[in-house]
Each structure stands twice: as structure tokens, then as C-alpha cells.
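Residue numbers (the numbering used here), protein chains in the order written: chain A, 1 to 297; chain B, 1 to 291.
Check the hints yourself; a few may be wrong.
[What the hints assert, rightly or not] Far from chain A, by Cβ distances over 10 Å, these chain B residues were calculated:
no. : residue
1   : Asn132
2   : Ile141
3   : Ser142
4   : Gly145
5   : Asn158
6   : Ala160
7   : Ser268
8   : Gln279
[What the hints assert, rightly or not] Capping the alpha-carbon separation at 16 Å, the derived lysine to aspartate or glutamate pairs in EDC-like fashion look like this:
no. : chain 1 : residue 1 : chain 2 : residue 2
9   : B       : Lys118    : A       : Asp263
10  : B       : Lys118    : A       : Asp79
11  : B       : Lys118    : B       : Glu174
Because the hints were derived from the structure by calculation, they are not lab data.
Given the structure is predicted, the values throughout are model-derived calculations rather than measurements.
Even glycine gets a Cβ: it sits at the ideal position worked out from N, Cα and C.
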Amino acid sequence: MSRAEQTAPTPEQNSPAIDPGYPFAFMDEGAKREIRRALLKAVAIPGYQVPYGSREMPIARGWGTGGLQITLALILPEDVLKVIDQGCDGSVNAVNIKKFVAKVAGVTVTTDTREATLIQTRHRIPEERMTSNQILVLQVPYPEALREVEPSENETRRMHAEADYTRMWLHLYEDIVRYGEITISYRYPVTVAGRYITDPSPIPRWDVPKLHMADTLFLFGAGREKRIYAIPPHTEVIPLEFEDHPFRTEDFTGKRCARCGSDHSFLDEVIDDHSGARRYFCSDTGYCDKRRAGWNR
Amino acid sequence: MEPLIRVRGLGKQFGPGCPRCLALTGPEADTNLCPACGTVVACHGIHFDLYPGEALGVVGESGSGKSTLVRLLHFEWPASCGTMEIHRSALAGLGLDDAGGEGGAYSGNLLACNDFRKRQLRHLLMGIVYQNPHLGLRMGISAGGNIAERLLGAGWRNIARMRARAAELLDKTEVPVSRMDEPPANFSGGMQQRVQIAKALSNNPLLLFLDEVTTGLDLSVQARVLDLIRNLSHEFKLALLVVSHDLGVINLLCQRTMVMKAGRVVESGLTDQILQDPQHRYSQLLVASQL
Numbered sequence: 001m002s003r004a005e006q007t008a009p010t011p012e013q014n015s016p017a018i019d020p021g022y023p024f025a026f027m028d029e030g031a032k033r034e035i036r037r038a039l040l041k042a043v044a045i046p047g048y049q050v051p052y053g054s055r056e057m058p059i060a061r062g063w064g065t066g067g068l069q070i071t072l073a074l075i076l077p078e079d080v081l082k083v084i085d086q087g088c089d090g091s092v093n094a095v096n097i098k099k100f101v102a103k104v105a106g107v108t109v110t111t112d113t114r115e116a117t118l119i120q121t122r123h124r125i126p127e128e129r130m131t132s133n134q135i136l137v138l139q140v141p142y143p144e145a146l147r148e149v150e151p152s153e154n155e156t157r158r159m160h161a162e163a164d165y166t167r168m169w170l171h172l173y174e175d176i177v178r179y180g181e182i183t184i185s186y187r188y189p190v191t192v193a194g195r196y197i198t199d200p201s202p203i204p205r206w207d208v209p210k211l212h213m214a215d216t217l218f219l220f221g222a223g224r225e226k227r228i229y230a231i232p233p234h235t236e237v238i239p240l241e242f243e244d245h246p247f248r249t250e251d252f253t254g255k256r257c258a259r260c261g262s263d264h265s266f267l268d269e270v271i272d273d274h275s276g277a278r279r280y281f282c283s284d285t286g287y288c289d290k291r292r293a294g295w296n297r
Numbered sequence: 001m002e003p004l005i006r007v008r009g010l011g012k013q014f015g016p017g018c019p020r021c022l023a024l025t026g027p028e029a030d031t032n033l034c035p036a037c038g039t040v041v042a043c044h045g046i047h048f049d050l051y052p053g054e055a056l057g058v059v060g061e062s063g064s065g066k067s068t069l070v071r072l073l074h075f076e077w078p079a080s081c082g083t084m085e086i087h088r089s090a091l092a093g094l095g096l097d098d099a100g101g102e103g104g105a106y107s108g109n110l111l112a113c114n115d116f117r118k119r120q121l122r123h124l125l126m127g128i129v130y131q132n133p134h135l136g137l138r139m140g141i142s143a144g145g146n147i148a149e150r151l152l153g154a155g156w157r158n159i160a161r162m163r164a165r166a167a168e169l170l171d172k173t174e175v176p177v178s179r180m181d182e183p184p185a186n187f188s189g190g191m192q193q194r195v196q197i198a199k200a201l202s203n204n205p206l207l208l209f210l211d212e213v214t215t216g217l218d219l220s221v222q223a224r225v226l227d228l229i230r231n232l233s234h235e236f237k238l239a240l241l242v243v244s245h246d247l248g249v250i251n252l253l254c255q256r257t258m259v260m261k262a263g264r265v266v267e268s269g270l271t272d273q274i275l276q277d278p279q280h281r282y283s284q285l286l287v288a289s290q291l
């Protein structure tokens, strides 16, 4: 059964793990249909923020409800789910969301990026290159990339409609004049398919190039702000840059993960409480575990 | 030589409008407020040509529709009626060749373009200097950034080149280049006005609107700003539309002048002619009241 043909399973199809007190995947079919429709529109207009009626979820708004609603609207019983929170499979929020979806949809869960068919994430894109059979759902706190320069929603909508992005560029110009380079560390604005300036969610700069011409579908959900947008596969995603000040990612030259020895992944800095020594660890724990277990050595 | 822009029947009304609005307002009625429906006829039936390199003056008392005229031509407010056409030679090479119209030497009505196209035209062809620098400048952003804003709008994406251009313009307008990265809020009124002029000139406009540029500046600064405008307009071959209630400014800058009263043009012609031999009663009053 393809994702497009998805219907609510009849009770006898239900895996025994599903909590019988809820409809499949928690949300009612009308809500799922609305979200899928918003997703289709978002894919059709890459980078455009589609408004939708964000539903009440059993977690608070601002804790990943936007991503969760997309996950629930898409999930199938045969899906394999991975949930990460800033690269970590084991954080409380990731574990709770994973348990919840497993309970209401009866899906298998994993920490292995390669095994997963659907990944919900907060603030990171996995290190391993994702394939065309996978979907990455990103949780988004602030979907409006122009909010930094313009507080009014009416005005930012007009700016998007007319592609009037001068003020965003001016913001970056001032940054360079003042500090010698663009100081945005995460939520780095990108131009999607040559049209909309889009917020890639608070992923580090490191992950921004992974959005460009990817094989994977990226879906963005902002539950509190009630917006859905998408970057379809094989879409141009160009970070805002000047000819003489090109975009650059975080530099980890000479640093390695203290756990798996990786010198090519996004690293978290950890300062030892007692000795004050700095150590670095892979931010993507699933990837780190895999390397330690001997994969790709 | 053919005019750079042609403006025909331009008008702007604020309010519901009624069939009697036009008959009940204007210089004869000495008001622009329609007594029947309360509509303000801010300006109506404006008709003029502006030639390349020429300075056209617009004089009149406050409320006569001078600034409204500039705001309509600068696409800040939508016009109620009328057309504005630009000579196609001005659009050549700007990627704006599809500005409408049926071939011929002039584009279609620019006032009917969509907002996106209007903004493009504004960024590529026009500059404006307001009476109040707060309208033309972002006070919290560096002077260089203010100039770069126009350049960024016109598609520039090279910081070093934009800064070189900003420095060049600030130098021309006699603002110390060393203060380029300071916000204009730190500057004196005259300096702010000169930064505004630099900003307006940054994209090499063909058309520059000056809306009461010297009002509020002290006399010596006024003279220097006017001098600067005269030199720059000569150097850059700018077509100027100079709005002022000060006949001295008009006399200094403009070859031709329109006199406005209650939203209508009551007299137009050569500046010397209007100042020496005003025909309309209101122009006579205006000239006579000049010290």
C-alpha cells in the first residue's frame, strides 16, 4: 500500500500493540486529511508556508506538535520510526514522542537512520545521507525567516508575495559590516527553488547543505505557529550569501568525537565539570553508536 | 528630444466619492474637500511631461496636493485615475521591456503595474528625497547600509563593491566617509539630508523626486544642499521633480514650474515667466507674498 492510498485500518488489521481507545495514529481522519492536503500544497510550492488548523496534541505546543501532527498524518502501520532531539535518540522529548506514536500507530521504532522510513527531528538532520524512500519531518519553532527583520505577519506575507527580500539582505549586510561575517549560527535563511526565503528550522549551518538537491522529502511543521512547508527532493536550496562573503559551515578541523573517533560529523562540545577539559562528541548519537559498534571502520 | 515621462489626468481621492466631487472642489471653490460627500480630492487632472535632465518645479501652499503628486509618481499610494508612461529607451537593458503598452516609443501605464513590477521600477529608475529624513532613511541602520539597501534592491550582492559605491556617494554629498558605519540618527539634520540624497542617487536613477528637501534646514545648510543637488543633477543628467513651497528653491533649480492650488494645477510654464509675470490670481498672490 502506498502512502497516497492510505486509509484507516479496520480493527482486525490493527496490530495488537495499538491502544484501542484512540483512532489509528490518534488524530481523526478529517484532521489527517487536512494536514495531508496542506502537505501536498507545501510540496507543490517549495518553501511556501501553508497555514493549517493545528490540532491539540497530548504534548504542549512548542514541544514538537507541528512535527508530530505531520508524522501522525503520514504514518502507516508498516513504517519504521526514528525520533531525534538535537541529534539524540535518547532525550526525554524524543523518547516520549516515539513511545506515543508507537502506542497509537503500532509502528516499529529504531535509532538507525538507514532502517527508518520516517524520521521526526528537532534541530538536526542525521549524519548518514538519507534516501528517496525516507521522509524527514522537522519540528519548527519559528517558521517565518523574515521575522527577525519584520514583526508584522501581514507585512512578511506581502514581502514573500512580492519577493521583496531587500530588508533580509540589508540585515546580513549590517551583520558583516559590524562583525566581519554573518553571525547567524542556526536557523540560517535559505532560498528554496529560487523563490521563497525559508527558515530551515534551527538546524546548525552544518546541516544546511544537506537540504540542497537531496533525495529525501523534507517536511516542516510549526504547531504553535500553524504553518506547514516543505522542501521536495531534488530542489535547489541556497543559503543567503554575498559574492565576497560566501556561506560557510561550522569548522571542526582537528577535532574528533571522543567516543567514536569521527572527524567528519557535527560535534557537541562538552566541558568536564571537574577537570574543565573540553571534549567533543558526535551530536548524532545513532551515528556514533553505529560507528562504535564497528560499522564503517 | 522626447519626454522621459508623460503624466496624463493623474488624480487621487480619499473617501467614498460622489458625482459632484470634482465640480465642488478646486481652486474656484478654494477647497479640496467635497461638501457633498466629504471626499478629499487631493489632486486631480495633473498633466505634464518631464524631459531627461530637466528640473520641473511644483509650488503651492500646504494641502495643495504637491506631496500627494510625488507619492503617486513614486508608487507609494495607488492613483485613483490617470496614467504615467515612460520612454522605452529608459527601460532598455533593465529587463523591464515588458512594461506593457502597444509598442511605440512609450511604455504602458506604469501606475497599473503590479506591486512587484512597481518596486522594480522604483529600484532601477527612481530616487526620492523627503523633507523628513526619517521617511527616507532607516535611522537604526548605518549610513552605508541605508545606501546599500537601494543597491541590494537592485540586485547587488557584493559587499566590497556596495561599500565602495556608498563611500563614493557619501564623498560626493560631503558626508565624511569615516562615519559611513554610523547610524544617521547620530548625524545633524543637514547631514541626514545629504545621506538621503546619497541614498537616492545610489542606483543611478533617471528620475529624482525632491519633496521639500530644504525645509527645516538652516539657511547656510540650505544653500549647500541646493548647490549639491544642482551639481549632482547636472553630473548625473537627472530629471528632477522639485516640490517646494519656497519660490527661491524653485527659482534656483527649475527651468519649468507648475503652480498648484486645492489639488489642481492652476498655471504652468517657464519659471522665469511665472515669477516675473504670473497670470493666475493665486500665482500672483504667491509671488507677491514672497519677501
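Quick rundown of the hints versus the structure:
| no. | hint | verdict |
| --- | --- | --- |
| 1 | Asn132 | holds, 20 Å |
| 2 | Ile141 | violated, 6 Å |
| 3 | Ser142 | violated, 6 Å |
| 4 | Gly145 | violated, 5 Å |
| 5 | Asn158 | violated, 4 Å |
| 6 | Ala160 | violated, 5 Å |
| 7 | Ser268 | holds, 35 Å |
| 8 | Gln279 | holds, 45 Å |
| 9 | Lys118/B to Asp263/A | violated, 51 Å |
| 10 | Lys118/B to Asp79/A | violated, 50 Å |
| 11 | Lys118/B to Glu174/B | violated, 31 Å |
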